Amino acid sequence: MAPILQIKNLRKTYEGGFEALKGVSLDIEEGEIIALLGPNGAGKTTLISTLCGITIPTSGNATVGGFDIQRDFRAARNLIGLVPQEIALEQFETVGNAVRLTRGLFGKRRDDAHIDKVLGQLSLLDKKGVRTMALSGGMKRRVLIAKALSHDPRVLFLDEPTAGVDVSLRKEMWEVVAELKRDGVTIILTTHYLEEAEAIADRIAVINKGEILLVEETDKLMQRLGKKQLIVDLRDPLAEIPAALAGFDLALGAEGRCLIYTYDTQSERTGITRLLSELAATGINLRDLSTRQDSLEEIFVGLVREDAA
Amino acid sequence: MNVIAIWSIYRYEMARFFRTILQSFISPVISTSLYFVVFGTAIGSRIQEVEGVSYGAFIVPGLIMLSVMMQSISNASFAIYFPKFIGTIYEILSAPVNFLEVVVGYVGAAATKSLFIGLVILGTASLFVDLSIAHPLAMLAFLVLTCISFALMGFIIGIWAKNFEQLQLVPMLIVTPLVFLGGAFYSTSMLPPVWQTVTLFNPVVYLISGFRWAFFEQADVPVGLSLLAIAGFTALCLGVIWWIFRSGWRLRD
Ligand SMILES: Nc1ncnc2c1ncn2[C@@H]1O[C@H](COP(=O)(O)OP(=O)(O)OP(=O)(O)O)[C@@H](O)[C@H]1O
Ligand SMILES: [Mg+2]
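In order, the protein sequences belong to chains A and B.
Per my numbering, the first sequence starts with residue 22, numbered consecutively.
Per my numbering, the second sequence starts with residue 3, numbered consecutively.
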């Protein structure tokens, strides 16, 4: 099946010449949850805004459900729900009216039963007649989600859905996302936190300075991040790894002065004890031991280097 | 055509109006009464008649036009500036609607409000002076067209404005003088010839003249020309808004 969202070489240069998106390409499959992970100013919001029609791309194109976001903007946008990063609500309007307006804008007939269902899903049903100014920040964010869901979108953009939301509510939000996924909604969310992406996303796209650095299944990325290295400094340099140690994931360091053992912190047995006793058995003298872990940043740096090479 | 979207915007905007319906009703009643006290009594005691119409009645069309133009501009400019200001504009921009649907919704609501106010003023004025309307349908047509065209202009101002000062600037600096110099309270034939020629460059003259013709069958410029002017102005505003939405100017940057 064709991806529900296809982004091809999308670029956005803001007025004033700042290039916020430097040719982003990404395919997103129907029904998956993808997290856009990146630091402040990476271009996450710009990417979402461009796909939703809030800003006009400078070049490149994208399709939603096969519809071009510019040429077939109606058909494309009909499929999309958007929860913006900044809370924007009219203070004097009631929750019910705010949600009703969005549904109407998407050309759907008024349907109070459906709106009640969405509000219920977000624990907002008792707030239906309340003016939005009387809501807490977390509730306001949920109103924005209710608005975005009011017209049954197939693709939902959540721009930092858990910013400023407390821990218990954050879990609740993840629940909502999981439930939407069960209904087959495709979800694109942004976050600064790897843990959040890990908790809910099927895939993670790392974005920085307007470029996607990597897109990987969450499990694989976490495995890569879960790898740790034990560095064994040797008293006497080795020419090669002794045959007795062939069973270990070992590499020989610079000038044979150290052995680098890569292991998985998340597996039950790291193999360190066994390695050390094998080393002693083969008569190799140790000078020092240290460990090292690739952080997300190091993976970025590695990627950028690969790019440059 | 996304008719439901148009209707949703229209209803949402009108709801704001109905929340403050009493204010919307009382303030034109009071201001109209004041105009009659000041203009009708003070000036009217010196100028009894203009071209066979009592001065009190003569100023009614101008008075209605003045309010309707100002109201249309401020209603429509605020209606689109406000969502830009508080950020809810994202909803409009990401909805499956084209520029015409957005405009019909917002401008339609703004024009409805000012039409309401125009009619309230007309009703109030008829309490003070004897009014006979020679061509009621033409009167209504001119009124509605003015509401729409000035609401369109207000819509452009609302998109253009970057702050509240700018929002007030155009109505104050450009529209008020044009209306006051547009024959709202006098016939341009009362001016020296040079100024009569100058006023022909004031678009508001054509609107007020046509509107007054619908009341008293007397006009400063031919009625056909008035209609042409208002149609041209409406088309111009629509063209500008079409360009704004196409280019994204001040909306999608
Ligand atoms: N309207 C604008 N005009 C000019 N530059 C902009 C505009 N909006 C964003 N930018 C710039 O584009 C870059 C990307 O911004 P964007 O909001 O997309 O980042 P982000 O990844 O969403 O960041 P955050 O995590 O802080 O929300 C930033 O450097 C920002 O300054
Ligand atoms: Mg952002």
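These are computed hints drawn from the structure, not numbers from a lab.
Since we're looking at a predicted model, the values are computed, not measured.
Cβ atoms here follow ideal geometry from the backbone N, Cα and C, with glycine treated the same way.
Some hints could be false.
Beta-carbon label-pair distances, calculated as ranges [unchecked claim]:
1. B/V5 - A/S144: 53 to 63 Å
2. A/D147 - B/L175: 45 to 55 Å
3. A/T79 - B/P205: 43 to 53 Å
Sample of chain B residues facing chain A (criterion: CB under 7 Å; computed from the structure) [as the list claims (entries may be wrong)]:
4. A7
5. Y188
6. P224
A quick look at each hint next to the structure:
For B/V5 paired with A/S144, a C-beta distance near 33 Å fails the hint of 53 to 63 Å. For the pair A/D147 and B/L175, the supplied restraint of 45 to 55 Å holds, since their beta-carbon distance comes to about 49 Å. Take A/T79 and B/P205: their Cβ atoms lie about 38 Å apart, and the range 43 to 53 Å is violated. A least Cβ separation of about 5 Å between B/A7 and chain A falls short of the 7 Å threshold, and the interface hint therefore holds.
Contact between B/Y188 and chain A, as hinted, is not supported at the beta carbon level, the nearest pair being about 42 Å apart and thus beyond 7 Å. Interface hint status for B/P224: violated, as the beta-carbon distance to the closest one in chain A is roughly 44 Å, over 7 Å.
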